[in-house]
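Student: My request is simple: use the sequences and hints to build the entire structure.
With this note's numbering, letter number 56 in the sequence shown gets 56, and the count goes up by one each step, no holes.
In short, the hints are calculated from the structure, not lab data. Everything numeric in this text was worked out from a predicted model, so none of it was measured. Beta carbons: idealized from backbone N, C-alpha and C, even for Gly. You may find that some hints are simply not true.
[Said to hold, decoys possible] Restricting the straight-line Cα-Cα distance to at most 16 Å, the calculated cross-link-like pairs of lysine to aspartate or glutamate (EDC-like) are:
id: 1; residue 1: 152; residue 2: 127
id: 2; residue 1: 179; residue 2: 144
id: 3; residue 1: 179; residue 2: 120
[What the hints assert, rightly or not] Have a look at the derived ranges for each label pair, beta carbon to beta carbon:
id: 4; residue 1: 153; residue 2: 201; range: 16 to 24 Å
id: 5; residue 1: 71; residue 2: 218; range: 25 to 33 Å
id: 6; residue 1: 158; residue 2: 182; range: 52 to 60 Å
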Amino acid sequence: MIVLVVANRSPSRAAAVPGVVGLRQGQAIKRLTRAGFDVRAVVGPGSAPRGVVAAQSPPAGSRHDKGSTVELRISNGRSVHTVTTKTGTTTSTRTTAPASQAEVPDVTGQDAPTGAGSVEAAGFVAETAPVTAPGPAGSIVRQEPSGGASAKAGGVVQLSVAAGASRTAKQVPSVSGAKAGTARATLLGAGLTVRTEYRRAPAPERGVVLSQSPSAGRSVPAYTQVTVVVGD
Numbered sequence: 001m002i003v004l005v006v007a008n009r010s011p012s013r014a015a016a017v018p019g020v021v022g023l024r025q026g027q028a029i030k031r032l033t034r035a036g037f038d039v040r041a042v043v044g045p046g047s048a049p050r051g052v053v054a055a056q057s058p059p060a061g062s063r064h065d066k067g068s069t070v071e072l073r074i075s076n077g078r079s080v081h082t083v084t085t086k087t088g089t090t091t092s093t094r095t096t097a098p099a100s101q102a103e104v105p106d107v108t109g110q111d112a113p114t115g116a117g118s119v120e121a122a123g124f125v126a127e128t129a130p131v132t133a134p135g136p137a138g139s140i141v142r143q144e145p146s147g148g149a150s151a152k153a154g155g156v157v158q159l160s161v162a163a164g165a166s167r168t169a170k171q172v173p174s175v176s177g178a179k180a181g182t183a184r185a186t187l188l189g190a191g192l193t194v195r196t197e198y199r200r201a202p203a204p205e206r207g208v209v210l211s212q213s214p215s216a217g218r219s220v221p222a223y224t225q226v227t228v229v230v231g232d
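Tutor: Okay, here's the thing in structure tokens:
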């Protein structure tokens with residue numbers, strides 16, 4: 001949620017509320033604040049073009065005291081935040097948008113890099129782990145959620161990877177500083193599996209690998225799980 005607050009010092013008196021449906025958010029806020037009203041704009045999914053006012057309350061033409069609040073509904077695709085505007089000082093806060101749903105692809109039987117790539121392309125985070133199970137080494141033998149299920153976009157899909165009877169040694173590549181998705185693909189391509197953890201970080205480090213364990217250069221058995229810590 002983003003909140004912008006500006007104190008209105010104009011004397012209170014009744015005025016007609018301007019009509020702003022169909023205008024861009026910035027234009028609508030400017031028109032309403034010039035008319036002496038405060039604005040609360042809720043931005044979320046809608047059928048109108050992104051950033052356009054889909055509805056307002058009170059309606060256009062109704063008379064209300066200057067300094068009272070007009071609420072706007074703004075179309076903004078998948079993201080949701082709230083903007084409140086008054087006339088004077090500005091503050092801001094943010095809230096997480098409700099996540100959309102997506103269908104989980106069925107990747108059982110595929111090799112780990114291919115299956116995990118399909119999962120990530122569908123908008124999920126692939127978490128892979130070695131298991132003792134029948135099947136070719138490096139193939140995905142189980143997944144959770146299952147293929148065809150509907151799940152929260154951006155959520156984790158757990159993939160169990162057959163480790164095989166003979167696990168040859170693999171060298172852990174360096175992925176520190178790489179984007180999270182690139183790091184996971186690199187580790188899977190090196191014959192390893194990967195788990196992602198998150199840590200609060202400043203904006204430039206968000207989505208980037210801050211550390212990894214085991215460290216780069218270590219020799220480990222094939223399909224060993226590497227943990228990467230990503231800025232959030």
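Student: Against this structure, judge whether each hint is valid.
Tutor: We went through each hint and held it up to the structure:
Of the pairs offered as hints, the one joining residue 152 and residue 127 holds, with about 15 Å between alpha carbons and a cut-off of 16 Å not exceeded. Taking the CA atoms of residue 179 and residue 144, the gap is about 24 Å. The hint is violated against a cut of 16 Å. Restraint check: the Cα-Cα separation between residue 179 and residue 120 comes to about 13 Å, which is no more than 16 Å; the hinted pair holds. Residue 153 and residue 201 have their C-beta atoms about 22 Å apart, which keeps the hinted 16 to 24 Å range intact.
Separation of residue 71 from residue 218 is about 57 Å and departs from the stated range, judged on CB atoms against 25 to 33 Å. The hinted range of 52 to 60 Å is not satisfied by residue 158 and residue 182, whose Cβ atoms lie roughly 20 Å apart.
Comparing the model with each numbered hint stated earlier shows that hints 2, 5, 6 do not hold.
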